[in-house]
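Asks: Read top to bottom, the protein sequences are chains A and B.
Going left to right, the first sequence walks through residues 1 to 224 as our numbering numbers them.
Going left to right, the second sequence walks through residues 1 to 224 as our numbering numbers them.
Think of the hints as simulated: they come from the structure by calculation, not from any bench.
The list that follows gives simulated cross-link-like pairs (lysine to aspartate or glutamate, EDC-like), each with its CA atoms no further than 16 Å apart:
#, chain 1, residue 1, chain 2, residue 2
1, B, K164, A, E106
2, A, K164, B, E106
3, A, K128, A, E24
One letter stands for each residue in the lines below.
There are 2 protein chains.
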Amino acid sequence: MERHFDEDLKKLNSELLKMATLTEESILKSTEALKNKDVKLAQNVIEKDKEIDRKEIEIEESAIELLALHQPVAGDLRFITTGMKINAELERIADLAVNVSQRVIEMGDQPHLKPLIDIPKLSDLARKMVKEAIDAFVNHDEERAKKVVLSDSEADKLRNVIHKELINDYMVKDGSTAPRVVPLLLISRHLERICDHATYIAEDVIYMVQAKVIRHQRETLKEK
Amino acid sequence: MERHFDEDLKKLNSELLKMATLTEESILKSTEALKNKDVKLAQNVIEKDKEIDRKEIEIEESAIELLALHQPVAGDLRFITTGMKINAELERIADLAVNVSQRVIEMGDQPHLKPLIDIPKLSDLARKMVKEAIDAFVNHDEERAKKVVLSDSEADKLRNVIHKELINDYMVKDGSTAPRVVPLLLISRHLERICDHATYIAEDVIYMVQAKVIRHQRETLKEK
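The shape of chain A in the complex, shown without the other chains:
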């Protein structure tokens, strides 16, 4: 029975990693679609999201099954409930990549006002934060999770720079650019939200690891 539980836990871990990979791909593809005005690729992100939604439900079901079958306590219980939260975060992140893709489709083949630099940079940061947060979870790595939390202010700053430029250098100077600028404003907001969700994941990991530490301290105290 014990070994079976470990196997189920490992499976939950690897399923979450797969879910994370699909999500990172959605972020990457939605930004590629934006850069290259590739409406087909944007549609592909939206199509692929159904698979991610199904995977979320599958993972949640297996986590609930794990709880029902093995009735874990302490660290294992907390690992599973944290996994469930992270699973939901990943699905939300994939939804935000869908939002980016929807904006790309709305924009159609209108040329970009200027080459995009900061938005792809924000997208790269978002993807990196998601990856690092998931690695921190899998490895119970508090330090790595803390770095993700610190990166969030970088994302906020980058989003502010993007917003200021789009407002002051484009819309204020020439109001007719607004219909082309607003989707970019929204996209930068979607990407910043992805960074927020990666931060939530990292905070959950820190909380999970620290609860374990506190529990260990309590157990050590009891032993004395």
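Guided by the hints, dock chain B onto chain A, whose structure is given.
Replies: Positioned in the frame of chain A, the structure of chain B alone reads:
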């Protein structure tokens, strides 16, 4: 033991209701702050959010404790895991009310371009959807949850109307309005996201109720 578990479940229920009330208040106050350019009220929403964050952690802790102590299965287990998801949604909704308040503070005491009508309407819809979704959860009411899911397209439409008006009637005609219009664009997006989260809650409720129905059907089949 059985009775104790029921009491703990009831407590979880009432704590979630309190959390929902705090969240609805944040939505209401952030929109009042917007309407009346009341920066102090906006700051109050941000301040109050710390309490909501603490409450989220408390509820999650008691849910995990419930799982560890009583090791529930089937419907009870699913009710608790759904409660945990809803708890996280409510915290996110409160964060979005904070986002609205942050935009209000950024706008300072600049006069509104015109009396706000559709944004308060979207805010009322958001608050109603949250309230109905929580009521659906507490009462295991699938029909009520389905109505919330249907309302989401209304929110999307309203957001579109707001965006089109702000872009075409203000920014395109006079680019210098952009710094005052963009916060309103973002606020309407925040409010639409609140409606999305209310929809997620309603979907979770439907899923929870249907899983129970499926389980009941299985049990009835077994009895035959």
